[in-house]
Amino acid sequence: MAQTILAVDDSASMRQMVSFTLRRAGYEVVEAVDGVEALDYARANTVDLVLTDVNMPKMDGITLVRELRQLNPYKFIPMLVLTTEAGPEKKLQGKQAGATGWLVKPFNPEKLLATIAKVL
Amino acid sequence: MTLDPAMEEILKVFFEESTECLSAMESGLLTLGTGADCETINTIFRAAHSIKGGAGTLGLMEVSHFTHAVETLLDQMRTGERAVSADAVQILLRAVDVIREMMDAALARQSIPTPAAAAVTAELELLLDERIPRAPAAASQPPPVPSVAPTLRCGWRIEFRPHESLFKTCNDPLRMFAQLAKIGDLTSTPHLHALPRFGQFDPSLCYVSWSLILHGAADKAQIEEVFDWVDANSVIEIEPLESPDATTLEASTAPCATATAPPPCAPTSPRVGVESGSIRVGTEKVDALINLVGELVITQSMLSRFIDHCDPNDLEALRRGLILLSRNTRDLQESVLKIRMLPISFSFNRFPRLVHELSRKLGKKVELKLNGEHTELDKTVLEKIADPLVHLARNALDHGLETPQQRVAAGKSETGTLELTAYHEGGSIIIEVKDDGAGIDKAKVLAKARARGLVEQDANLSDDQIHNLIFLPGFSTAEKVSDVSGRGVGMDVVRRNINDIGGHVQIASAESRGTCIRIRLPLTLAILEGQMLRVGQEIYVVSLVSIIETVQPSREQISSIVGQVDLLRHRGDFLPIIRLHELFDVAHERASLTGGLLVVVEADGQRAALLVDELLAQQQVVIKSLDTNFKHVRGLAGATIHGDGTVALIIDVPGVIRTFVCKQAERVGRAA
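For the record, the sequence lines run as chains A and B.
According to my numbering, the stretch in the first sequence is residues 66 to 185, in order.
According to my numbering, the stretch in the second sequence is residues 9 to 680, in order.
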């Protein structure tokens, strides 16, 4: 069965781009527009990987990762944050919240797939 | 980069989305002017951030780079490093314009760099440098890591002592080793001395550390990248294996190591694209449609069941089915029309910016009030009304509102008010542009109109007629032509544009109290509230909003003048009588005007009376374009189809009046 990835981003074009790339590579993709929606989905379903933007309305990506790590089924699920802030403090925040790693925007489809392949 | 169709689609979505982001930035920035609030700055920042991220990912590097500086500035404001100053807001507003231009250029596949961009970038950088010395704007991409100790033939020794919480972020050493094995020849030695007894063993913790030897041409950066996500509490030591010729290798390979990331692909492929208008529709509207179609299917099965078990005694079932069908159809029609409906805020949104800039330029203090922004109207109407509205608002600011000094002298508050209001009234939308300025100076308007020969020197005009003079072509009262408004090509164009979409303009003004311009617009251009008229055997439709009243004139009300023009004396005016049967060359019943039915219509401020044989029902008609199905016919706005399949032509009232005037002129010309 194809692995499922939860893609969280408030920008529709980024979601489309991510989903399109991942689906073509054979993954199942579930989209969410912010942390709240993602968390709601995650509480009811399980996924194999979470890919989230950092800056989002309602709930940001760092908080989302922290919240997800509290959920039992998500203790050992890889979670990647998409970030444009290549600065060390954002990465550190992500790590402390429990993110597996990050992907620095802008990225191209190949980079996205390579990064996902690192953890799946 | 060859763009496949799916990428094109994504780009399109991105453009639509950025338009929204840009409006969000703009309106946010404008409220910032009145006092900083954290959430607003955050919203603006997020919008800029989205644009930058999306643009970068989609290969619009110029946009991404430019937005980076904007984002940096906003970030400093957000974190409180920098105060929100009027200057900064001004620059950011201009940056928004630049981004918009860049997006437009990218959408049209033109080359992106604009001179304005360079200027604004320079200003942004200046501002950024002022306080906090920082990296140049191009830092949006991670700078290529300079390889201090690059390629060594023989390899590396890696000591990896992960923190015991390594697994908790789901970083699996096995995967890292697999990656290392891809870039070189890997041997690993695990150190198990920290393993606890089985009883105390916690499977979620990492107790093992490793010594790794990697042989091969990998450089240090590549190895560091593998361990990039391992947190700071773990220990990673990467050391080169001793090699006799290490130094020479280092020297020879160092320059190549800096050539990293491939250049970003620019969207260069020329494309002949026809821009297809698209609408973003709320899901609930689509759901409503799906729901209705479901209902329709049920009704259909109900009716076909009736046919299968046709029982002449049970006509009630058929009647019920048909009632249901007509209700479904009506609901469906309404829902489909709703999809084209957009809130007028799409058009109102540009006004805060406009008023902000104009009032600065004119040195006036203006408060803008927007009411009824959620009023929805057809997308086409909305697009066509945008420019006239801007023009009216400019006029109000330029000619209507006074300077603070003048206002104080007139006993008013220093700040003027410009109010834009939209609401429903009957089957129409009303938009009002209202200011509390000086009002229309009647004496000045009249003098100007006389000087231009637009009215007779001795004509006696009512206030209303004088106000309406400003809609005449070639009329402008501005004492000097400013770059804001006042080239005299304004109000007549405004009125024509509004008439073209079936709307009306009214003006009310009180000296020193202000002016209110009221625009009545049809809800949609697809459906018309029509009055059916019969002329001989033909049925015509006239838009209900253009009908003033219908009269049966007495003999005294009709006067004929030479050149065969008949006039109807009506409420103190003389209106030309247009015989529709003559104009359209069809048979008719009634020859005499007295006792005939005259429909008084108005368009472009001109009134006329149409002679018809009979008034039929009033009903909503669906407009079918003649231009696309046949060709443009003067005097006709389109056609519609009746329940019995016959076609009725829709009369274009302004067109009919113009055609009549032309024919009249021809006739007079021939007679002379």
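These are calculated hints, taken from the structure and not from any lab test.
This structure is a prediction, so every number in the text was calculated from the model and none was measured.
Cβ coordinates follow ideal geometry from the N, Cα and C atoms, glycine included.
Heads up, some of the hints might be wrong.
[Unchecked claim] Here are the computed distance ranges between Cβ atoms for each label pair: (1) Glu89(B) / Val95(A): 50 to 58 Å; (2) Phe206(B) / Val95(A): 51 to 59 Å; (3) Leu185(A) / Gln628(B): 53 to 61 Å; (4) His171(B) / Leu185(A): 52 to 60 Å; (5) Thr291(B) / Arg88(A): 32 to 40 Å.
[To be verified] One-sided excerpt, in silico: chain B residues whose CB lies under 7 Å from chain A: (6) Ile18; (7) Glu25; (8) His57; (9) Gly61; (10) Gly62; (11) Gly64; (12) Thr65; (13) Leu182; (14) Phe185; (15) Trp237; (16) Asp239; (17) His382; (18) Phe638; (19) His640; (20) Arg642.
Let me know if the C-beta of Gly64(B) comes in closer than 7 Å to any C-beta of chain A, holds or violated. Holds, about 3 Å.
Can Phe185(B) be said to touch chain A, with a Cβ gap under 7 Å? violated, 12 Å
Return the status of the interface hint for His57(B): holds when the least beta-carbon distance to chain A is below 7 Å, violated otherwise. With a closest approach of 5 Å, the His57(B) hint holds.
For the restraint on Trp237(B), tell me whether the closest CB of chain A is nearer than 7 Å. This interface hint holds because 4 Å falls under the 7 Å limit.
When the nearest CB of chain A is found for His640(B), is that gap smaller than 7 Å? violated, 40 Å
Taking the Cβ atom of His171(B) and the Cβ atom of Leu185(A), is their distance within the range 52 to 60 Å? violated, 23 Å
Does Ile18(B) hold up as a contact with chain A if the rule is Cβ-Cβ below 7 Å? Ile18(B) check passes; min Cβ-Cβ to chain A is 5 Å, inside 7 Å.
Given Arg642(B) was flagged as interface, is its beta-carbon under 7 Å from a beta-carbon of chain A? violated, 46 Å
So, His382(B) near chain A? Judge it on the closest CB pair being under 7 Å. This hint is violated: His382(B) lies away from chain A, its Cβ roughly 21 Å from the closest one there, beyond 7 Å.
Restraint outcome when Phe638(B) is required to lie within 7 Å of chain A by C-beta distance: The hint is violated - Phe638(B) has no Cβ within 7 Å of chain A, the shortest such distance being about 41 Å.
Regarding Glu89(B) and Val95(A), is the given constraint of 50 to 58 Å on their beta-carbon distance met? violated, 38 Å
Confirm or reject the claim that Phe206(B) and Val95(A) have a C-beta distance inside 51 to 59 Å. Violated: the Cβ-Cβ distance is about 39 Å, outside 51 to 59 Å.
Hints 1, 2, 4, 5, 13, 14, 17, 18, 19, 20, counting from the list given before, are not met by this structure.
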